[in-house]
Structure formats: C-alpha cells, structure tokens
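Student: Each chain is listed here by its residues.
2 protein chains.
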Amino acid sequence: MYVRALTQLLSEGISVVSSRQLGHRLQMTPAQIRKDLSYFGRFGKQGRGYDVHFLLEELRQILGLNQEWDACLVGVGRLGRAIINYPGFAPEGFRMRAVFDSDSRQVGGVVGGLRVQPMSALSEAVERDNITIGIVAVPAAEAQSVIDQLIDSGVQGILNYAPIAPQVSMHVVIRNIDPVLALQSMTFYLRELD
Amino acid sequence: MYVRALTQLLSEGISVVSSRQLGHRLQMTPAQIRKDLSYFGRFGKQGRGYDVHFLLEELRQILGLNQEWDACLVGVGRLGRAIINYPGFAPEGFRMRAVFDSDSRQVGGVVGGLRVQPMSALSEAVERDNITIGIVAVPAAEAQSVIDQLIDSGVQGILNYAPIAPQVSMHVVIRNIDPVLALQSMTFYLRELD
DNA sequence: TAATGTGAAAACCTTCACAGCT
DNA sequence: AGCTGTGAAGGTTTTCACATTA
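Order-wise, the sequence lines are chains A and B. Under this note's numbering, the letters of the first sequence match residues 2 to 195, in that order. Under this note's numbering, the letters of the second sequence match residues 2 to 195, in that order.
Please note that the accuracy of each hint is not assured.
[Claimed, not checked] The calculated label-pair distances, taken between Cβ atoms and stated as ranges, are: (1) B:PRO92 x A:GLU143: 15 to 23 Å; (2) B:PRO92 x A:ASP149: 23 to 31 Å; (3) B:HIS25 x A:GLN62: 32 to 40 Å.
Hints were generated in silico from the structure; no laboratory data involved. It should be emphasised that the depicted structure is a prediction, and the values quoted were computed from it without experimental measurement. Glycine residues also receive a C-beta, built at the ideal position from the N, C-alpha and C atoms.
Full structure from sequences and hints, please.
Tutor: What follows is the structure in structure tokens.
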C-alpha cells in the first residue's frame, strides 16, 4: 500500500511527503506510518518528511519488487483465461511462464500465447522455469488438491482464486482473492446501518 | 470464513463439530474459535461441540446473509464484463441490478442481460432499485471519482477492483480486490526464503 | 518552526486454564 | 470423558508525547 501511494505521489510530481500527508492518503495515523517505516530503517528527515523517490526505492527493494517473479497458472476456464489476459501483472514484474489444466480437452490449446500443459508436466516446468508462484483458478472442489500439487512441485507462494479456506503448511505464503467473501464480510456492517 | 467452513462440513454430512476440529479446518486455535463465537452468543454444547446446521444458520443471520443484496456495477470493460458474467454472486444472494459506464459508446449496449446506463442515471437507479452495494471496475485514474459518485448516490458498500488506495468516509464499508497487491505483499516473504 | 524516531503507555487481541455442563 | 464459555494472563499493536534534528 505504501508503494502504491508513493508511486501515485511521484506521478503527481510530489517529491517530499510527511507522515501526516501519507497517513491521510492511506487512512492511517501519522504515528502508525512512522512506526511502520522505522521498523525497516530511518528514511525520513526531521522537520521535512520523507523523500518520495528515495522511500519508494527503499521499500521496493525491501519487498523484493525490483526483481522479476515467475508464476504459473492452473485452470484455463473462464476465470483462468481472464487472469492470463489481465494486463496488470507484467508491468509489476510478475511473468506468467506456464499454464496447466487437468482437463485433457484443454491440454495442447493455446491461451494468451502459452500452450496449455497437463498437470503431469507441472513439477518439471516449475523447476525448469524457476517458478516460485502458483495461481489457482480451478473450481472449489479441485482447489485444495491443486494447491497441494503446486506446493509439492516446489512453488513457494500461492495466489488462490477458488472460494475455499485452503490449508497450507506454514512455510508457504498464500493469498486469497475472493470477491464473495469480501461481500459477505461487508453485509454485517450494512445491516447495522438500518 | 466460518460460514464457508460450516457449509463445507454440512455438505460432507458432518452435523456436529468441536472448536478443535473447526480450528483445524480454518488454521486457527480452538480458543480463538470459542472466543469469536462467544462474542455473538452461546452456540455450543459442553462435552459435545457445535451443531453445524444451527451454528451456520445463526451466523448467516448475524452476518445478514439470509437476505438478498442489490448491487450495481460501474465499468463494462474487460474486467467489468467478467464480473457481470461471474456465476458466483447470485447463489449467495448478491444480485446485479444495474450497470453503468462513462463511455457513451458503451451506453445502450447489453451486457449480461442488463442495459448499460450512463453515469447520469446512477442516483435515480440506486434509489429505485434499492441498491446498497457498488462494484467498481474502472481504470485506476477514474476509480476515486466513481467511488465518490456511488457514495453520493447513496450506496453504503463498495467492492473496488481498481488498483488504488481509495479514500472513503468512515460510514462507508469498502473492500478491495487487488491481485497485484496480493502478489506484492507475498514477495517479501518469498525473498526471505532464499 | 516542522517533522522524525522512539521509549512508554494505552489499547487491543490471543492464549491459557479451569469451572461447569452434557 | 469431553468440550464449552470465560475471567485472567500474556503478548502484540497502536497511540502518545517528546527529545532531537534540519
């Protein structure tokens, strides 16, 4: 979120920002901003604030955003195709290197310039292409099994689009994209506004 | 997440669950489960656990998931069309009642059975169709303005797909769907595994 | 003057541990 | 015997407030 906000500030031509201003953008208190940043270093100048360009580069370095990350996708149904064709990943350094599907009718087809491979080719591809991130776009019923296969193949991070609560061991990093859950976690508060 | 897990348990024919078992599914401690649930009531039976069907219905009631929620969508580009055609919302009680676009070339077209309306029709439609939730699928540059218009029109919740850090007043509930942010919040931990 | 960085305080959240119920 | 519900303890996060520096 900091990287987002700082990138936007830079594009607006703002070169110095205080914790107060940055907090306003991110809906956070100035104290929270300063504590967060102080955990990683002393990036600010007293009386002045933070140099936007400098802080942005520091954070990008800390987060590992200055390198390329190789990902693969499992599931080339409607959702999977939308993800493959989404133009937002590449500019941020996330490259789709391979796509897989357990449906043999999909295997061999071409989606977004990549040939769809069978699940049996997963392990080899992960190793060969240095793939660290697996993206899951299969139906809920298959998702846990696919996640297990990805992890067995050596993937270290999972971006899961299936509407389930996946179980993964602690050393695997997982993030869920779940619009229905987002809506369901919202209605409680809407209800109370009646 | 509880609703998800309980629904799955029910479909597996499991009718009673302990905090230990539920915790295992959700990767949480038994104590956490019990504390969470105790905040809303006393749903369990000592020595036995929780009746899955009963607890599920109670939670659905508390969260407001036993009613229909009316939503509208702004932005019928590639992403917007994918959202409209996503079959996961309706079964959970979220109905897409109207769609809008600021591009006059899109207005009048039909997407997913709904006629695309101009932004000028937003306020009236929100009121007429009782729309409480606005879904934002426009480019980043337009997103904050669209969010503001939705809120001005009386929408109480926002599901935002644009890759920005939106600013909304406290009484509006907002959830962001942001796969790039999810990946960027993951790389820090992958980096450390080297 | 204006803002950071940071110990200390306050607030919040999670876990423990056990009385009490089935 | 088995498990809940819950005060109390323990731990973590956020906020305060101020010495310090540009």
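Student: Sort out which numbered hints this structure fails and list those numbers smallest first.
Tutor: none
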